[in-house]
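Chains as they are written, first to last, in this note's numbering: chain E, 33 to 208; chain P, 525 to 875.
These are calculated hints, taken from the structure and not from any lab test.
Careful, some of the hints might be misleading.
Which chain E residues face chain P? A few, computed with CB under 8 angstroms, are given here [what the hints assert, rightly or not]:
(1) 49
(2) 50
(3) 56
(4) 97
(5) 151
(6) 158
(7) 165
(8) 170
(9) 184
(10) 187
Quick list of in silico lysine-lysine cross-link-like pairs, DSS-like style, CA-CA up to 27 angstroms [stated by the list, open to error]:
(11) E/194 - E/175
(12) P/825 - E/168
(13) P/825 - E/175
(14) E/194 - E/168
(15) E/168 - P/566
Think of the CB as a built atom: it goes at the ideal place given N, C-alpha and C, for glycine as much as any other residue.
Each chain is listed here by its residues.
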Amino acid sequence: MIPLDGNRVDREHILSRLRERIVAFAASHLSRDAAEDLAQEVLLVLHEKYPQLERVEDLLPLSFQIVRFKILSTRRKAARHGEYSQVSVDDLPLPDPAADPAILAERREMRERLVTAMSGLGERCRELMRLKLQGKTFPEIQKIMGAGTINTVYTWDHRCRKNLLDAMGGDWEAKR
Amino acid sequence: MNREDIRKLLGGYAAGTLTAAEQEALLAAALEDQELFDALMKEEALRDVLQDPASKAELLAALDQAPARPAWWNWRPLIGAVAMAGLALGTVAVWRATREKPVSVLVADSVKQPAAASTEVVTAPPVRDVAIGPAPPAKPVARAKTRAQVQVAPESRRELDTAASNAPVSKDQAADKIMPAAPVPAAAPPPPPVQQAQNQVNLPAPMAQQQLSQSASSASVAAAEAMNRNAAVNSFRVTSGVKEISPALFAAKKAGPPLQWAILRGDRESPPDTVLDAGEAIRLRIVSLGPGVVTVSEGDKVLASGSVESLRPFDTPPIPFTVSGPRVLRVTLTMDKGEPIVVPIPLMYGK
Numbered sequence: 033m034i035p036l037d038g039n040r041v042d043r044e045h046i047l048s049r050l051r052e053r054i055v056a057f058a059a060s061h062l063s064r065d066a067a068e069d070l071a072q073e074v075l076l077v078l079h080e081k082y083p084q085l086e087r088v089e090d091l092l093p094l095s096f097q098i099v100r101f102k103i104l105s106t107r108r109k110a111a112r113h114g115e116y117s118q119v120s121v122d123d124l125p126l127p128d129p130a131a132d133p134a135i136l137a138e139r140r141e142m143r144e145r146l147v148t149a150m151s152g153l154g155e156r157c158r159e160l161m162r163l164k165l166q167g168k169t170f171p172e173i174q175k176i177m178g179a180g181t182i183n184t185v186y187t188w189d190h191r192c193r194k195n196l197l198d199a200m201g202g203d204w205e206a207k208r
Numbered sequence: 525m526n527r528e529d530i531r532k533l534l535g536g537y538a539a540g541t542l543t544a545a546e547q548e549a550l551l552a553a554a555l556e557d558q559e560l561f562d563a564l565m566k567e568e569a570l571r572d573v574l575q576d577p578a579s580k581a582e583l584l585a586a587l588d589q590a591p592a593r594p595a596w597w598n599w600r601p602l603i604g605a606v607a608m609a610g611l612a613l614g615t616v617a618v619w620r621a622t623r624e625k626p627v628s629v630l631v632a633d634s635v636k637q638p639a640a641a642s643t644e645v646v647t648a649p650p651v652r653d654v655a656i657g658p659a660p661p662a663k664p665v666a667r668a669k670t671r672a673q674v675q676v677a678p679e680s681r682r683e684l685d686t687a688a689s690n691a692p693v694s695k696d697q698a699a700d701k702i703m704p705a706a707p708v709p710a711a712a713p714p715p716p717p718v719q720q721a722q723n724q725v726n727l728p729a730p731m732a733q734q735q736l737s738q739s740a741s742s743a744s745v746a747a748a749e750a751m752n753r754n755a756a757v758n759s760f761r762v763t764s765g766v767k768e769i770s771p772a773l774f775a776a777k778k779a780g781p782p783l784q785w786a787i788l789r790g791d792r793e794s795p796p797d798t799v800l801d802a803g804e805a806i807r808l809r810i811v812s813l814g815p816g817v818v819t820v821s822e823g824d825k826v827l828a829s830g831s832v833e834s835l836r837p838f839d840t841p842p843i844p845f846t847v848s849g850p851r852v853l854r855v856t857l858t859m860d861k862g863e864p865i866v867v868p869i870p871l872m873y874g875k
């Protein structure tokens, strides 16, 4: 019982902190009210669909994904002029096993930009990126590339990520 | 891990390659740090692509291809050529800046002298071939007179030019004409014993050979004492930068005796043992290691005279010779200190 209660307390604490972070992040992209609504919707999904998740390393990645989809959906709805009076598909959660066409299109576009940006990287960054795409962890990369310490690999990856981000215009997603 | 180190894990988060400990540290920090949280939110798009197997395979294929080169890479041959050209230009510039500057050449021109001035005879002090050891300084009278002649040179030069334009004779012929026709009394005492042996001990072979030839002819150097300076009537002018001495020859002259000479056939220097053509007019190029007055004479005749500067070539006017066979000229260098130095110049004219 104690561990269960302890986990529940931790989950409540994590969700509380998570709500603050989501509101602050969304407020920089949406209005304050929309940001509050967005955070509430995310927590609702976590509460209803993922009650078994207790750890921060499970809850945060999931919440990031939900927030991203919600923001994209909100932007698309705002772009659809004249359709505000219609019922949103988000309000009618019909099951669809296929991926969202909009998400697929955005993923394809970003993939093309990544390919272009990666071709301009230096040899070390290309090798580092190759190893990461192969699923190698940083300690494994350290051994393969012969780095002295793990911090050296962290620094290499940090610089390569910055170079890649600069080559893509400072943002992973294309600006619209 | 501090905050900066944790931020370095961002790249691993998107690729999904963080270890459990790294991911826990990163996400726990993001829950307390809004900037890190925002950064992780921005990574979500990349993470979405990198978690897609098809996208991952396409990116891996792109990484295996040759990296894209910047536009300037196609111009690398031209860039290399320009770099090499620049290097060559730099080398030439450095070489030109560091090489020895051209040495101006003193050229003596014979000028016509009034007939009345050819009667004075100056007796020079006894001379030796090479000044060795302390010796009384030479009389300054002769040098003073010679310098006086030098100062008259421009006027005399104009007279020569005028005479040359009026008469259809060449400059060589004019120089020949001004040689003193009358014999000059030469009452020279015999020269002191030659003391060159000590001086030749460590000389290089060619230089020792030249010095040996000088000592062999030094028995008759007393004739220079009786030179007729009025009859010399020579002047000289400086032609700055017109003629250059090759560095090798110049270096050889630096290492030689106080006075060095070479035969000039036209503008080319010839070795001392060159057999000249009968009747060929030559000039002599004389280089002295110290400043002084140089006089070129043959027997009693003074063929040319003028002041020389240290290491600055002095060219005589053309010296004609109408018959074949050996001929000995003498070059006398009178310096401010020490005895005059006489160098015999043996010439051989063929048939």
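- Query: Which of the stated hints cannot be reconciled with the structure, identified by number in ascending sequence?
  - Reply: 9, 12 and 13
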